[in-house]
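With the hints as extra help, turn the sequences into a complete structure.
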Amino acid sequence: MTVVAGPITPAEIWAALAEVPDPEIPLVSIVDLGIVRAVTVTRLPSPEVADGRADAPGGIARGIEASDGPDRVRVELLPTFVGCPALEVMREAVRERLELLAPGAEVAVEFTFAEPWSTERITPTGRDGLRRSGFAPPETQGPGQDPRDASGRPRDLALLQLAPAMTCPHCGSRRTRLENAFGPALCRAIYHCAACRQPFEAFKAV
Amino acid sequence: MSGPAALSPRAQAALEELLLVLADDEFVLGYWDSEWTGIAPLLEEDVAMSSLAQDEIGHARAYYGLLGELTGRDPDAIAYDRDPDAFRHCRLVDHARGDWAFTMARRYLYDTADATRLAALAASSYRPLAELVAKVRREETYHLAHADGWLRRLAAAEGEGRERLLAALAALGPDAATVFTPFGSEGDLLKAGILPFPSVELERRWRDAIRPVFAQLGLPLPGAAADPARGRTDHSVAFRWLWGEFTAVRRLDPAAAW
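Line by line, the protein sequences are chains U and F. All the letters of the first sequence, read from the start, carry residue numbers 1 to 206 under our numbering. All the letters of the second sequence, read from the start, carry residue numbers 1 to 258 under our numbering.
In short, the hints are calculated from the structure, not lab data. From the three backbone atoms N, C-alpha and C, an ideal C-beta is built for every residue, glycine too. Some hints could be false.
Where chain F lies over chain U, by a calculated footprint (3+ residues, C-beta under 8 angstroms) [claimed, not checked]: (1) 79-87; (2) 110-116; (3) 175-183.
This is the structure we're talking about:
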């Protein structure tokens with residue numbers, strides 16, 4: 001883990017957030033799940049700068065550099081499901097990681113609905129991590145079923161539906177069927193594989 | 001309007017009423033649904049009802065959260081520290097859980113009505129509400145598919161299943177349209193564009209949406225609300241019991257974290 005002493009950059013924050021796992025799926029980070037929407041860093045003026053004394057002789061001697069105010073870090077997260085009980089756990093995990101990365105920074109972690117989280121936000125790495133964790137990633141939608149239009153806005157809700165069969169994350173077979181549109185977590189459905197005779201969970205397309 | 005600061009006092013008061021209605025409907029229905037955890041007729045449905053309940057109570061929490069931003073009140077306090085008479089859920093969700101057919105009939109009536117209401121609110125001028133509704137609608141799509149499947153299954157069942165469904169629709173029919181009970185402050189909501197269409201128009205759209213399904217299944221379409229003016233007050237004995245249940249922990253120890 002990196003600990004940054006000087007001014008912190010958004011890239012460093014993104015890298016740190018990529019080390020924060022989903023609370024239930026340790027192989028997949030919240031970045032790869034597409035939960036992190038935005039990171040902004042604002043450098044607050046130090047009291048000396050605010051007083052116009054940053055360049056005063058003595059400033060450096062007292063070990064205070066011109067840009068030595070605290071960083072204000074704001075992270076926007078998108079809830080996967082509105083009622084997801086893991087939201088507060090994620091918020092705390094992000095806060096803890098960033099306070100470790102940049103001690104003294106002001107950290108604000110906010111959930112927003114400014115855009116709806118969609119399974120399309122899961123990265124290829126995230127999809128691979130889901131598979132390795134025994135979950136079927138959401139099926140890639142065909143061109144006619146792209147849930148987002150050209151400008152990136154969600155399309156008609158009628159396109160949201162569960163596939164009758166998904167690829168089994170254990171054996172790769174397509175001989176599977178939907179058992180239950182609801183599962184042990186709000187974001188998942190339950191399927192059964194006829195080839196390896198195992199049940200598995202799949203991420204619901206939302 | 002991007003947030004609370006952009007609202008006139010009249011529009012804010014009306015919005016508070018709307019948010020309370022949206023939240024209470026989801027909250028109360030979520031608690032009724034949660035009663036199936038452990039006793040649903042199939043294991044799959046036990047999981048489904050628990051998941052539906054968690055979704056609805058989560059939606060309620062988000063609406064109470066928007067209300068909290070307007071009033072400065074803690075969402076938990078809004079949810080758990082009110083007397084039963086201060087709740088503004090509709091009469092449709094005021095009934096006790098009932099049997100499985102009753103639960104599915106109510107879910108179908110509520111989910112279709114709520115979908116009509118949310119489709120309108122997705123274009124609300126109050127941006128925090130429109131954004132939340134956009135997310136909620138994606139989740140409610142799965143609820144609607146679940147209720148739709150069960151309505152068709154029960155309607156097609158011979159004997160007891162269909163009989164129980166018909167009995168449930170007879171009991172719930174007069175209260176189904178209370179989802180669209182007009183607000184006292186509806187004029188202010190319409191004027192501000194917070195509610196893009198009047199309740200009577202939403203009720204008409206809902207009937208247009210469910211009419212072909214009911215006709216296809218040979219089911220009686222719900223009539224007009226029995227007592228629309230009191231569609232969100234005068235709560236039942238059953239609700240008062242539920243209120244006692246869902247406030248029990250809070251009343252025991254208001255500071256408890258759980």
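At least three residues with a C-beta closer than 8 angstroms to a C-beta of chain F: is that true for the stretch 110-116 of chain U? Answer holds; 5 residues pass the 8 angstroms Cβ test.
Can you tell me if the stretch 175-183 of chain U counts as covered by chain F, using C-beta to C-beta distances under 8 angstroms and a minimum of three residues? Holds, because 5 residues of the stretch 175-183 of chain U bring their Cβ atoms closer than 8 angstroms to Cβ atoms of chain F.
Given coverage of the stretch 79-87 of chain U by chain F, checked by CB-CB distance under 8 angstroms (3 or more): With 6 residues closer than 8 angstroms to chain F, the stretch 79-87 of chain U meets the three-residue bar; holds.
Checked against the numbered hints above, the structure violates none of them.
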